[in-house]
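A.B. asks: Residue numbers (UniProt numbering), protein chains in the order written: chain A, 1 to 106; chain B, 1 to 555.
Keep in mind that a hint or two might mislead.
Okay, the calculated bits of chain A under chain B, using three or more residues with CB under 8 Å as the criterion [said to hold, decoys possible]: (1) 12–20; (2) 24–30; (3) 54–66; (4) 88–98.
With a straight-line cut-off of 25 Å between C-alpha atoms, the simulated BS3-like cross-links for lysine-lysine are [what the hints assert, rightly or not]: (5) 340/B - 440/B; (6) 4/A - 56/A; (7) 246/B - 165/B; (8) 340/B - 37/B; (9) 56/A - 340/B; (10) 520/B - 56/A; (11) 95/A - 520/B; (12) 165/B - 37/B; (13) 440/B - 520/B.
Partial list, derived from the structure: chain B residues whose beta carbon lies under 8 Å from chain A [claimed, not checked]: (14) 29; (15) 77; (16) 103; (17) 427; (18) 430; (19) 474; (20) 477.
If you are wondering where the hints come from, they were derived from the structure by calculation, not from laboratory data. Source: prediction; values computed, not measured. Ideal Cβ positions, reconstructed from N, Cα and C, are used throughout, including at glycine.
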Amino acid sequence: MSRKFTPKVVTANDLLIGDVVYLTADNRWTREHHEAELIEDEAHAQLRLLDGAAQKNVVVGVYLADAIAGPDGPEPIHFREVFRTRGPSNYAMGKQVGELPGPRQH
Amino acid sequence: MYSYNEFDEAFVRERVAQFSQQVARRIDGSLTEDEFKPLRLMNGLYLQLHAYMLRVAIPYGTLNPNQMRQLAHIAETWDKGYGHFTTRQNIQFNWPLLKDVPAMLSALADVGMHAIQTSGNCVRNVTSDHFAGAAADEIEDPRPYAELLRQWSTDHPEFSFLPRKFKIAITGAPNDRAVTKAHDIGLRMVRGPKGQPGFEVLVGGGLGRTPMIGQVVREFLPIEDLLPYTEAILSVYNLLGRRDNKYKARIKITVHETGLDEIRRLVEERFAEIRPTFHGHDQDLLEDIRAAFAPPAFRNAPTDAHDAALADPVYRAWADTNLAAHRNAQYAIVTISLKKHGETPGDATADQMRLMADLAERYGHGELRISHEQNVILPHVHKADLPAVHAALRGAGLGTANIGLISDMIACPGMDYCALATARSIPVAQDIATRFDELKLEHDVGPLKIKISGCINACGHHHVGHIGILGLDRAGVENYQITLGGDGTETAVIGERAGPGFAYDEIVPAIERLVQAYLKNREAPEETFLEAYRRLGLGPFKAALYPAEGKQDAA
């Protein structure tokens, strides 16, 4: 019996700023995990991974991350992916305060 | 301290210009990521969890005030206003934009700094005793030798593509503050049969997934043989080191698999071959470098102000923990703690960097050091100036009196910043420090080194912590293993794993139980945690960590 497929999102880092991004169903890269396309079919996941990886001048380090359907869209499962959606624990920086990498916005 | 000459300046400027072009070509699509990645890593630029990270070399941890101010300027202009000092005496900026990195490197070049060889399979930043040139126990300042090694190894054509990264540490004192026994090559200054200074050479130390203590490959190496002998070791490693498996590629594995005696034979054979090709130019260069490290003009003045200030318990506590003996009895070495309770170990804001630069300039003969324990040192402060230095530090949140105590923890960036990490380190370190501050036990407990790593690569040196903590991913949750009895000094030893790991919310209580077990079992307040552990063994500490197990055994 084949293994049950865990739904995925396609994720990467933005080439220019390094920020964590997710591939949407309409082929945009978004900073918000809940806007990502939740992929529930394994073959489709592989195709979407290829779609993402093909955008070599937009993003780097494209991979599939496990996710689950939530009330507002996909939610991460593994703690690493949870951290990637919010930023570091020690400072209010990054996604948790809507900041991009680069100099502190005053 | 050493200042760049025209060659150094031109070399670094050329690298900045090259990398600027490479970044431009990556952004316009001329270079793929596969092509660009090795180029950015050669310039210290990583892509981490949330952003790029630029790692800047601070050779042997030595900085002047202008360099520190420039780091502050870089932090404010192109990052988020702070920098993170690391266990290899580097500084990391966690949030740069790709397009800004050439400007950051150019700003570094303006003050004689760079990010070359802070990544990649090459000889990394040569590290040293952070009290070098000041310590009372020192045979000789090791930094001229570190600088000689830096110049020799930078862009060395034979050693730019080694099997893996290569780390050299050097100390000029018998008390090892540079963890030399946990480096690929450790150089410990000793005196030879006629009293002349030279080096004991250790090889094959390292932490990571296979922790090993370095072994003595040469008991006494004359100073004039330093470069050819180091070159011989690297040459043998370059030939024998495994390139088939990155986890077995470090020289410690080569030494382990080949055997120390055979490694020694091969190194000596290679040394005999290349020694005649060194005609003394390296020694001429060394003489020039030595002149750059001439000690400052120490002043002769009364120390009454310091003696009087000791009546203040806050000052006294700081003096007891944060000052170390200087070779000049009127002076002290000041360690500035970057470990304020609840703050991130090793982080300094731009304002704090500027204050430390100002203090170094006004009171410290213009010298600053970064320690592998992630603190900043003012190596030469006259005791008359210590009260003023302390007051200024307190005003900037830098007056914490905790050097060598529980909250003076080494913590790697962990999963909050590092793409390789498997668990977080920083919040665990923050919570431990906060907890023991609440308990007001820290000074009663005394010397205790806790070191935490967020993955098996051991950047946080957990193997050589008296209490080591290793963060792992266990079935999708953060889990923390404890090791006990590690030691990173001249009596170095790898810690012993205590047992099963602890969940994130269990690790701070576990550390508290360990420390309480020490307090209960120590013979006297003078017996340190490490001494108690060596006397008692794992038993009482394991019982404290796993009380439920004890109950099961009793049943």
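A.B. asks: Hints first: check each against the structure and report whether it holds.
C.D. replies: Structure-based check of each hint:
no., hint, in the structure
1, 12–20, "holds (count 7)"
2, 24–30, "violated (count 0)"
3, 54–66, "holds (count 4)"
4, 88–98, "holds (count 7)"
5, 340/B - 440/B, "holds (14 Å)"
6, 4/A - 56/A, "violated (31 Å)"
7, 246/B - 165/B, "holds (10 Å)"
8, 340/B - 37/B, "violated (36 Å)"
9, 56/A - 340/B, "violated (43 Å)"
10, 520/B - 56/A, "violated (60 Å)"
11, 95/A - 520/B, "violated (45 Å)"
12, 165/B - 37/B, "holds (16 Å)"
13, 440/B - 520/B, "holds (16 Å)"
14, 29, "holds (4 Å)"
15, 77, "holds (7 Å)"
16, 103, "violated (12 Å)"
17, 427, "holds (4 Å)"
18, 430, "holds (7 Å)"
19, 474, "violated (11 Å)"
20, 477, "holds (7 Å)"
The structure is inconsistent with the numbered hints 2, 6, 8, 9, 10, 11, 16, 19, although it conforms to all the rest.
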